[in-house]
Amino acid sequence: METIIQPLQTIPLMYYIIFCSALFSIGVIGILVKRNALTIFMSIELMLNSANILLAAFSAYRNDSSGQLFVFFIMVVAAAEIAIGLALLISIYRSSHSIDIHILNRLKW
Amino acid sequence: MVTTTLNDMQWMATWLLLFPLIGFLTVGLFTKRMAPKWAGILASAFVFFNVIITFVLWSYINTTHQSFQFNLFEWIQFGAISVPFSVSIDSLTIVMLFVVNVVGWLIHVYSIGYMRHDEGIHRFFSYMNLFIFFMLILVMSSNYLMLFIGWEGVGLCSYLLIGFWYKDHLNNNAAKKAFIMNRIGDLGFLIGIFMMFHTFKTLDIQTIAGAATTMPSGNTALLIITLGLLMGAIGKSAQIPLFTWLPDAMAGPTPVSALIHAATMVTAGVYLIARSSVIFVLSPVTMHLILIIGLLTALISGLIAIYQHDIKKILAYSTVSQLGFMFIALGLGSFTGAMFHLTMHAFFKALLFMAAGSVIHALNQEQDIRNMGGLKNKIPLTFFLFLIGTLAISGIPPFAGFFSKEYILSAAYEQSTLMGVITTIIALLTTLYMFRLLFAVFYAPESPKVQSEKHIHESPWVMTIPMMVLALLSLVGGFVQMPASFNDINLFSNYLAPVFATATQLNHAVYQPLGTTFEWMTLTIPLLIIGLLIIWMYMLFAKKSITDHLSFWEKIMARKFYFDELYQITVVRPMMSLSKFFREFIDEKVINRLINSIGNDTLLIGEKLRLIQTGNIGFYLIIMVFSILAILIINFIR
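As given, the protein sequences belong to chains A and B, one line each in that order.
Sequential numbering from 5 applies to the first sequence in my numbering.
Sequential numbering from 558 applies to the second sequence in my numbering.
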């Protein structure tokens, strides 16, 4: 454990925070501007992983391994979410031959 | 000799309740597929078992001179409240058991003949058995709540049987009238029960009587309790001001009138007061009120009865009048007198009703005495039985009515001579209406209706034999209690003495014992007047038909002193318009509108709000992101 923590701590914590915030913002913007459902999924992954990195970084700085444990949980949840999301996408594609999210407004009411 | 133990008696008393209940269920559920006569035979058999048990219980109480009480099961039990379903048998109960079971059984047998051709015969007999069941609960209960159950139960059976021929709307209205007017009284009874529970923390009759003896006379709590119970008794026993339901109740079949509205149910009020004698004696105001109500009822209904034309209505008003007489006795503190008259009245009034039923039967459901007349030779047996009933109710020796009325009258004379004279005059009214009825039905010239009727026939044996038994009882029943000037037999009063011992002891009213000369005077003078009245009635009604021409005062009496009209204006109409107001304004304009507007407004809001849902996912996401941001910022600021 110590051996991994040592190199991680050589970079100041602030850098991690800025990096993760940037990644997260990119993810948010990606969700907002993109119309392709697949890209939106990727953006969601980006946001999740930025959170993961931050968790890992804090975990290293605080000498507390539970943060890293959470990372694994989030990965599992993300995997499950992607599996369902892709399944949905496939069935949407089958019925409408498109994965443009604007097509989904037919679902209203 | 079989030794009877207390346990056996408890077992017997339980069966006393179970027989009519089983009868109600079996007759009601299983006799429909059998021949119609089986319903009557089965129902009568169950009541006959009860008659046997009554005699057994009577002999037990007679030999041991002890009352007994036992729990059938725990009924209400929570916290400090404990009301068991318990039965108590003492001499007062035995007297009532005789009335209910013996008279009830005879009427059941009579009904086998009377209701023979009715298609609802199983319904009829199952209701009759149910009535006996509830009446037994009423007289056997050892606490007021269970008594109330019986009280309501007999009211229900009365309702069901008045409206027995439910296809006629008038019968249903009569049934509803009886039920609703009884509810007014029952409200008083309930208040009495609540107040009793509040004051004594128990509803056990014996315990309450015991606890009340330590209270001062005229205690406010006791006053409220007794007034409440009195209100119940007024409703049930058809006293002024709640008496108008009883004449209307004659819409039911005649055996019902005989059983419920003459012999048993209507006397429940008298029984209730006699049963609660101790608390009533301790409340002199209520006693005076009972006396006044009794006097008024006996007088007014006696006067009304003289001018009626319906044979059953005359008997109904006569019943009200006789019940008023029992109330007079109660008000005078002569509980034994009331119970004695109750028992004797059950005999001869049931007999009169059954004989009237026989007349109605012979004339194909004709009830108007103007359409009768000259029946003396056509149905001689019925005439003979009716005559015995008439003689008995008019108080002519040696019939039962003479002794029971004499007992009450001497109680009245003992209080004051004026009281005695007033009561005697009221008692004389009986002679007027009964002999008018007798002469109009059996002696008057034959009416066209009678002349055209070809098949006037005597009733079958199954109807006449019960009447003969009752006639015999009306003849010899009075011998159990004779005034000093005759034989000085006090079987009845001695029998009931233990029950009323406390009440008699607590009664502080001053009594002057009557001298023998005076007593003879109070006996012979009324008898002389009765004789003259009979001759008068004979001249008026036996030779010619009843005229419809009435003077002003007679018209008032014929119209029942406008009681029904008065209630119509003062109670029914305001009630109706109030109900109408509630239905048309409160219900439709307020409540309905409120409920509807809740539904309508929800729809309207939904209509507007659903436009927010564009279905555009990008838009949703933007909203989501900005909302999260907003939450974050708000958190920061705080």
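Hints in this document: simulated from the structure, not taken from any laboratory.
Heads up, the beta-carbon is just placed ideally off N, CA and C, and yes, glycines get one too.
Hints are not guaranteed to be accurate.
[Said to hold, decoys possible] Non-contacting residues of chain B with respect to chain A, defined by C-beta distances greater than 10 Å in every case (computed):
1. W568
2. I618
3. R680
4. E709
5. I917
6. L938
7. F941
8. E1010
9. D1045
10. L1080
11. L1090
12. K1101
13. L1107
14. G1172
15. L1178
16. I1179
[Stated by the list, open to error] Simulated restraints, written as ranges between beta carbons of each label pair:
17. A:L42 - B:E1164: 35 to 41 Å
18. A:R66 - B:T1159: 21 to 27 Å
19. A:E49 - B:L1186: 20 to 26 Å
20. B:K1165 - A:R66: 37 to 43 Å
21. B:I1194 - A:L92: 50 to 56 Å
22. B:Q1170 - A:L42: 42 to 48 Å
Taking the hints in turn, this is what the structure says about them:
Look at W568 of chain B: its CB is around 75 Å from the nearest CB on chain A, clear of 10 Å, so calling it non-interface holds up. A cut-off of 10 Å between C-beta atoms confirms that I618 of chain B is not in contact with chain A; the least separation is 83 Å. The Cβ of R680 of chain B sits about 59 Å from the closest Cβ of chain A, beyond the 10 Å cut-off, so the non-interface label holds. At the 10 Å boundary, the C-beta of E709 of chain B stays outside the reach of chain A, the nearest C-beta of that chain being 58 Å off.
Chain A leaves I917 of chain B outside its interface by the beta-carbon criterion, the shortest separation being 75 Å against a cut-off of 10 Å. Taking the minimum C-beta to C-beta distance to chain A, about 88 Å, the non-interface status of L938 of chain B holds against the 10 Å cut. Every beta carbon of chain A lies more than 10 Å from that of F941 of chain B, the smallest distance being close to 91 Å; the non-interface claim holds. Listed as a non-interface residue, E1010 of chain B keeps its Cβ farther than 10 Å from every Cβ of chain A; the least gap is roughly 81 Å.
Distance check for D1045 of chain B against chain A: the nearest CB is about 100 Å away, which clears 10 Å, and the non-interface claim stands. Residue-level check passed: L1080 of chain B sits 98 Å from the nearest beta carbon of chain A, beyond 10 Å. Every beta carbon of chain A lies more than 10 Å from that of L1090 of chain B, the smallest distance being close to 92 Å; the non-interface claim holds. Separation of K1101 of chain B from chain A is adequate, the least Cβ-Cβ distance of about 91 Å exceeding the 10 Å criterion.
In this structure L1107 of chain B is separated from chain A by more than 10 Å, as the shortest Cβ-Cβ distance comes to about 81 Å. Consistency note on G1172 of chain B: stated as away from chain A, yet its beta-carbon is not over 10 Å from all of that chain's, at 3 Å minimum. A Cβ of chain A approaches the Cβ of L1178 of chain B within 10 Å, the least distance being about 5 Å, so the stated non-interface status is violated. Taking the minimum C-beta to C-beta distance to chain A, about 6 Å, the non-interface status of I1179 of chain B is violated against the 10 Å cut.
At roughly 37 Å, the beta-carbon separation of L42 of chain A and E1164 of chain B lies within the given 35 to 41 Å, and the hint holds. Under the hint 21 to 27 Å, the C-beta atoms of R66 of chain A and T1159 of chain B, about 52 Å apart, miss the expected range. E49 of chain A and L1186 of chain B have their C-beta atoms about 21 Å apart, which keeps the hinted 20 to 26 Å range intact. Evaluation of the 37 to 43 Å hint for K1165 of chain B and R66 of chain A yields a failure: the beta carbon distance comes to about 51 Å.
Between I1194 of chain B and L92 of chain A the beta carbons are some 38 Å apart, a value that contradicts the proposed interval 50 to 56 Å. Between Q1170 of chain B and L42 of chain A, the C-beta spacing of about 25 Å breaks the proposed range 42 to 48 Å.
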